[in-house]
Each structure stands twice: as structure tokens, then as C-alpha cells.
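With chain A's structure known, arrange chain B on it following the hints.
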Amino acid sequence: GAVVSQHPSRVICKSGTSVKIECRSLDFQATTMFWYRQFPKQSLMLMATSNEGSKATYEQGVEKDKFLINHASLTLSTLTVTSAHPEDSSFYICSAKDTIGQPQHFGDGTRLSIL
Amino acid sequence: AQSVTQLGSHVSVSEGALVLLRCNYSSSVPPYLFWYVQYPNQGLQLLLKYTSAATLVKGINGFEAEFKKSETSFHLTKPSAHMSDAAEYFCAVSDLGSTSYDKVIFGPGTSLSVIP
Chain A
1 GAVVSQHPSR VICKSGTSVK IECRSLDFQA TTMFWYRQFP KQSLMLMATS
51 NEGSKATYEQ GVEKDKFLIN HASLTLSTLT VTSAHPEDSS FYICSAKDTI
101 GQPQHFGDGT RLSIL
Chain B
116 AQSVTQLGSH VSVSEGALVL LRCNYSSSVP PYLFWYVQYP NQGLQLLLKY
166 TSAATLVKGI NGFEAEFKKS ETSFHLTKPS AHMSDAAEYF CAVSDLGSTS
216 YDKVIFGPGT SLSVIP
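If you read the sequences in order, they're chains A and B. Numbering-wise, this note's numbering puts 63 at position 63 of the first sequence, and it's gapless, one number per residue. Numbering-wise, this note's numbering puts 119 at position 4 of the second sequence, and it's gapless, one number per residue.
Please note: incorrect hints may appear among the correct ones.
If you only want the chain A side, here are some residues facing chain B, beta carbon under 7 Å, derived [unchecked claim]:
#, residue
1, Ser43
2, Leu44
3, Gly107
Hints are computed from structural coordinates only; laboratory data are not their basis. Heads up, the beta-carbon is just placed ideally off N, CA and C, and yes, glycines get one too.
With the rest of the complex left out, here is chain A (with noise of 0.2 Å):
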């Protein structure tokens, strides 16, 4: 149970692109969905939350309009990088869960390249 599946996988694309990530959970209902971004071999920052329904909420330094997050479902939800050029690319993963205090089930990530 509790799976996230997150396409595509990979994405290589030319600078000035904009690239569209989803994330769904497939068996259960995801009130919160996460957006992560992780640069080889650091830990994973976390860029935005997002609650069904309602607007996404950034972390401090995360531009809003440059990565524009969607979660118009329950199951879900989309990372938009708008414009993206090479400082762009990058791992980003997405999490989802269903009840609070209980732990992310995460995607296996999208390898976004920009050349």
C-alpha cells in the first residue's frame, strides 16, 4: 500500500523550456503532498507543501512563479517549472500522506536536466 508513482522520470530539455512534473498517490487519498528538490549527494530541501485545494505554501528562498505547484485532487499533484534554464536541473521528489503525524510516502523522483 501507500504508493507514489511521479512522472516522468526523466526530463531533458532545452533552457527556456517549461517542464511539468506529476506526482500521484495511487492507493490513498493525499491531503499533503510535498515538493522536494536534492542536489547530488546533499539531503533533500524541501521547496513547497501543498494541500488539496487550496494554494501551496513555499519555503523561505523558493520562488513562487518560477516553480508553480497544482493540487487539484486528492491524488494529484503537479510541479511546474516555468522557464527553466540549466541551474534548474536537478533531482526533484515528491511525498504525499494521508493522516497527519504519519510519515511521507515518497515518489522515485524526476532527473530534470536543462541543457
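Leaving out everything else, chain B in the frame of chain A:
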């Protein structure tokens, strides 16, 4: 603010040897604590969690961790390392500063290598 430290960014053990990965946290109240494992180019998988019940927590793949309030520690152990245990391990603490225990703070991670 809560924080998590993991002593040793890299740990090497021989196959069959004891695995000990250290985690210390800072919190003014009893936290929720987690250990996650990450294999290359994958997301995180929950190994075990502590949520104020038994102080010795057993997880998957033979791992366990003991919550020691006096030492503010939550070290991860496994009696006998297997080659498949080689991965990155993250200790995490729930952020009680958030209103709903939702936010989790991750430690810097420890890379475990298993030598045949």
C-alpha cells in the same frame, strides 16, 4: 527550530558486520522520528518510524532503531550487513513548529558502503 545531525557522512562495513548509523535530533518536545533509505536515482523508502510508543522500533529489512530521550538520539542498527544495504540513509524528524506535524526535517544523510 528542530534539527537533525547524522554523524559520519560515509560509513563502510564488511558484509555480515554490524551496521550502526548515528542520528541526533534537537527538539524541546518528544518528536516523531523516521529513518529513510534512498537507492541511486530513486525516491525515499521508509525503514521505520518512532511515534512515542515503544522506544525500540523495528523496521523493514532487519533494521531497528532505539529512541533515547536522554541522549536525543535515534541510531539505526542492523546486526548483519548485506550487500543490498548499500545506499544513502536519512534520519528525519517531524517539525513540531508546523501546525500539523506535516513538515519533516531531514538530516544530511549517511552513505553506507558494504564491503564484500
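Against the structure, the hints come out as follows:
1. The beta carbon of Ser43 (chain A) comes within 5 Å of a beta carbon in chain B, closer than 7 Å, and the hint placing it at the interface holds.
2. Against a cut-off of 7 Å between C-beta atoms, the interface hint on Leu44 (chain A) holds, since the closest Cβ of chain B lies about 5 Å away.
3. Interface restraint check for Gly107 (chain A): the shortest CB-CB distance to chain B comes to about 5 Å, inside 7 Å, so the restraint holds.
Every hint from the earlier list agrees with this structure, and none is contradicted.
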